[in-house]
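Residue numbers (our numbering), protein chains in the order written: chain A, 895 to 1060; chain B, -3 to 550.
Treat each hint with caution, since some may be false.
Stated by the list, open to error - Cross-link-like lysine-lysine pairs, in silico, PhoX-like; alpha carbons within 25 Å at most:
hint	chain 1	residue 1	chain 2	residue 2
1	B	Lys422	B	Lys378
2	B	Lys509	A	Lys1036
3	A	Lys1054	B	Lys448
To be verified - Beyond 12 Å from chain A on every Cβ pair, some chain B residues (computed):
hint	residue
4	Tyr192
5	Glu425
6	Arg513
Don't read these hints as lab results, they were simulated from the structure. Where a beta carbon is used, it is the ideal one built from N, C-alpha and C, also for glycine.
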Amino acid sequence: MKHYTILFFLLFNFNLIELKSQDKIPNLYVKTIDGKPIRTISTINSEGLTIYSFWATWCIPCIVELNAIHEVYDQWTEETNVKLIAVALDDNRTKRRVRPFVSGKGWKFEILLDENQDFQRALNIENPPYTIVTDGVKILQKRNGYKPGEENDLYEFILKNSKKND
Amino acid sequence: MKNIFYLLLFIIFLSNSIYAQVFNNLNASFQSNSNYYLDDNKTGDFNYENRFRSNNYLNFKSTVFEKIDFEIQIESYLPAAVINYSPNLKKTNVSTFNFKYNTDKLNITLGNFYEQFGSGIILRTWEDKNLGINNSIRGGRIRYFINDGVNVTALFGNQKKGFKYSKGYLMGIDSEFDLSSSLNNNTNTLIIGISYLGRNDGTPTTNLYGYKDLTNLFSTRIDFSSTNFYSNFEVVSKSKDAIVQFGDVSTTFIKNGSSLLFNSGYIKNGLGIDFTFRRIENMSLFSERRAFGNIYFESVVNYLPALTKQHDYSLTNIYVYQSQPNISFQDPKMMKSGEIGFQFDLFYFLEQNSFLGGKYGTNVSINASIWNNLKGDYDYYKEYVNTNLFGFGEKYFSEFNIEIRKKWSKKFESIFLFLDQYYNKKYIEEKYGEIKSSVFVLDNTYKINNKKSLRFELQHLNSKDDNKNWAAIGLEYNFNYALSLYVMDTYNYGNPIKEDKMHYYNTGISYNKGNSRYSLNYGRQRGGYFCYGGICRYVPDSTGFSFGVTKSLF
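Work out the full structure, taking the sequences as your base and the hints as a guide.
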């Protein structure tokens, strides 16, 4: 039995399988902060890249990251037209805290509620923080986790891929 | 073994490039959590089979023929599932699969699906690998958007438990009416929702007992929001059903259930205030009555989380409130029928360059909650309870906490947290004792340079009850954005019993690159309520290594 376990591990830890895939934003319904259903693809930025930042009110690194981006967000949008959408994974335990929380922070990001984690599951996201950068529906980058200062690295990537907006 | 063979075949089948052209937008991910358990001379030997245990999840998603999405998840628990996972999870098997047909107006799902009606009080199915929860429904679901403001969902199916399915079935309808969209009102939103859920246990009952095979739940909700103000209200009723106590479905104690929820808040830039009131009475629902109270959260149909602040630090998670939705008559002096209480939140930003705000501004948040038993006439021997609508009975729990986040300079940031808590262990856990405690946390982050950073955390729990005082210290070092190392020790130094003055030490390393994550930990895990999301589960102490992988394959 053990051999099979090892085999199982080997298979999936090394990319034995090479398949070309187009990574796209899944098209499904989430909710606006007012509780209205909205299609994920209709939230995509038409003037530049889109950042989907998956966070929750109980996730400390997520809040540190969004606070850090909040401080430089005006500059980001001016220079690249990028739009950040903060997707709250808070379920019904903490969902009600999302709106006053965001307001209390003074964040100006667009907020989506993924109350039953449909969006999270469709992207196979294990835990927040998790960040996705898209150009239209096409996913350019996925980032798992956040470390202090990493927003600079994210912005470098945005700058590099935003050329067409110059 | 056979299963593995099929699994390999399946992968070879997929990897064939011909199929890559039929399947487009193919997406596969792999997740694995493994433990190797060690004997511990303080907490005891590992007394189960298989010291090495591993949970593995393989998920494929693909779009076939433009509008149809296909998904399959294969799970493998080899040689056995990590301890505290359901015994129904063993070996390798297909866990969930589904086909989805999607257009702008119509969504049809066949196979396993996750769904939530309104706030989940009557139905929520979801997956949480951290707790081993997957209560998805296998069957069919249709969602139709009649116009911009009206949508209806209907579903039918059996609920998953482990790799098996419940005998009985669930059926439900949820409808939502956005009145503001039909009135062309853009500043205000008014949404009304009505839902129904029926649960058939699968075991025929006689009408003699005063309850029916089918248990019916109805929910009505109304949701209003404007620029600075929002409010919502939900009323739920559950038809008469047998009370389950000590593992027995009662034939004499039959009762209906109800729930009332009110939430309202005020927001403006830099300020947010929120208030929630909730009353629940006899509201637990399982797809099989006998599954009531099982520690694996199998066959759970609805979601009734504790409405308290969800904390992030080890010592703030020692006494965690769990919601009390049930009728439970333990003895003539300890009778519960539900829960009533409220929660209050305030979030405030002190402006930059103000006296209290400092150069970078300061975030302050205050949270308070109180939860009590329902007040009413209780009779243990007659199995009778009649509750008052707004009466507060014995106190289960209360908490006040304040959190301040302050950035001192470009490089240095702190979080300060204080909480004061009352935890009625006798009522919440049906054990004995009451605990008053207070906790201090100081969490500092220092950026050494653009990539390297250091986090340092100090905690103290002060209590004269139960296991008395605790202290914790933690250090985390980020070498760069990918690699990080942590060391942490939680010490119950105040424990009056010498042998129980335990150190819970943990150390680990994690590596994140793109969408992959690898982690390795070693340490002694504190037993107690392990919580994730709104669900808490009791786990015993354990010592050993754990290893985690998350990876997208293609």
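**Q.** Numbers of unmet hints, in rising order
**A.** When the structure is compared with the hints, only number 6 turns out to be violated.
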